[in-house]
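Assemble the whole structure, with the sequences as input and the hints as a guide.
If you're matching them up, the sequences are chains A and B in order. Convert by adding 41 to the 1-based position in the first sequence; the result is the number in the numbering used here. Convert by adding 41 to the 1-based position in the second sequence; the result is the number in the numbering used here.
I should point out that these hints are in silico values taken from the structure, not numbers from a laboratory. Quick caveat: nothing in here was measured; it's all calculated off a predicted structure. The beta carbon of each residue, even a glycine, is placed where N, CA and C say it ideally should be. One or more hints might be untrue.
Derived coverage of chain A by chain B (criterion: at least 3 residues anywhere in the stretch with Cβ under 8 Å from a Cβ of chain B; other residues may be distant) [as the list claims (entries may be wrong)]: (1) 65 to 76; (2) 102 to 108; (3) 133 to 139; (4) 143 to 151.
Protein chains: 2
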Amino acid sequence: MILTVTLNTALDITYRVRSLRPHASHRVSEVAERPGGKGLNVARVLAALGHEVTVTGFAGGHTGAVLRAMLAEAPGAPADALVPVSGATRRTVAVVDERTGDTTQLNEPGPQISPAEWAAFLGRYQELLPGASAVALCGSLPPGVPVGAYAGLVRAARSAGVPVLLDTSGEPLRRGVAARPDVIKPNTEELAELTGSHEPLRATQDARRRGAHAVVASLGADGLLAVTPEGHWRAAPPAPVHGNPTGAGDSAVAGLLSGLVERLPWPDRLARAAALSAATVRAPAAGEFDHAAYTELLGRVRVTGAAGAAQAGSGPSW
Amino acid sequence: MILTVTLNTALDITYRVRSLRPHASHRVSEVAERPGGKGLNVARVLAALGHEVTVTGFAGGHTGAVLRAMLAEAPGAPADALVPVSGATRRTVAVVDERTGDTTQLNEPGPQISPAEWAAFLGRYQELLPGASAVALCGSLPPGVPVGAYAGLVRAARSAGVPVLLDTSGEPLRRGVAARPDVIKPNTEELAELTGSHEPLRATQDARRRGAHAVVASLGADGLLAVTPEGHWRAAPPAPVHGNPTGAGDSAVAGLLSGLVERLPWPDRLARAAALSAATVRAPAAGEFDHAAYTELLGRVRVTGAAGAAQAGSGPSW
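In structure tokens:
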């Protein structure tokens, strides 16, 4: 079982409007709703790839109840190990402008988590770890969760011998990296914020020095850049893919995790992650991936680089 | 008991953001939620004025359940005679830009109403009419409700001898007016759409000729213009009021209805409606009214005009 952690789950709402104009009134032509938060998105893609998945984190209020009901009805539904909280799960609203195709995003902050609720989560996490083949820690922290939360969760996974991937940003990422996660997957902006460098290769190498065993940077249209104990590689689709990038990073995480538990060599993991990511950008619905496009792209992703190119002996590999 | 009808109830959500920029991602700093739809807003103000109120219309799905729970907890809660439907009550999202104070509005279309659900509503409405001292028909129609719906509801109220106020727009207003409601309360835009005239007095008189016994036009900062069988008047606060106009029209409707059932003369009804409307614009929360401001403004609203100024003998007065 692969475990994904989403501390700030969300009910993702997508609105289509003819043209978004600030300070005007808009009739929404189409409404879509689905369970969200990075870890739930990762779980959805893992389930579509045939993996057994368990999701944990927090859910509460009427939005939390809707999220859990939708999760249970999803095809290949992940096991629901979410911890109930008294506050309401946040909503995110994505407003798609039909004229330009652009999206405007409104993200609620999430419920206040009490110390007792945080303790309940830590108990649940410890119970779940022994059954997990890998764990992904994903997304922002809701109010009340300590900023060093991910560092503690990384250490607990490592103590339990479970490979751990961290995908977050800002101070939670900075602290989490110092706890030596097996993989981090920052995007260009998160990587620059962590390292102070806007040069991807330099920043990726610096992120490894800060503690991450492997760093897979998602560089948008430029694909993925991986610096690992086994070597470093770039993986990119043969041509830029047009569409909606929402969820592309989460699909890449699912590709990396599934490749990890299937013990694929790094180049194959990266090809899978890049193909899933591109197939997500190309899908008509935000955050979904197009299976046919994935299969087609998988054979055409170019992976360049070499094993052993990074410093050897910098940690155990899996 | 005053009956308000809201066929397209809504869960009104207000987001505060630092500055709304299309195609960017925004962190919402504050989230507020309340039961909405014009008839529910009218009921809230009537309850605050001490009137017994019953609300009917449709509610369904998880948003409908939240709306009904919040309605039950409201101070001076109106009696809930909403008819359950299988579709979900719509949400409206008002995004307040903290920098400019302006609001951007996103309105979901509302649930599809089946013929059986519409028939269930008509039965409920007929049961409620005999106990009502007045009825307000408010807002847009959800998908599936016939466009002539309000015309039928106006006729049923008139047959039952219950004074009826209609506050809607477009084709539902055009058809509803022809059924001879006692009062309509269009704003400038709705009045122009109905009559083709942008000259308020001419348009208001034309709306009467189309069937409305009395027309009270809300002219924004210019206050109210009333053309009734008893005379015509203008009512306006002593100086323009600054703030958020959301719900100002609904407060005016509550002022008119309460004055009607209390058998106040038209100038007093209009003074109350104009003061409530201005006190709503001035309140910090959208759609609420400021009690102290209302009391203060009530004594200062100027009502000008004269009894008998309109054509006499054009229908029964109440």
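- Item | Unmet hints by their number, sorted upward, for this structure | none
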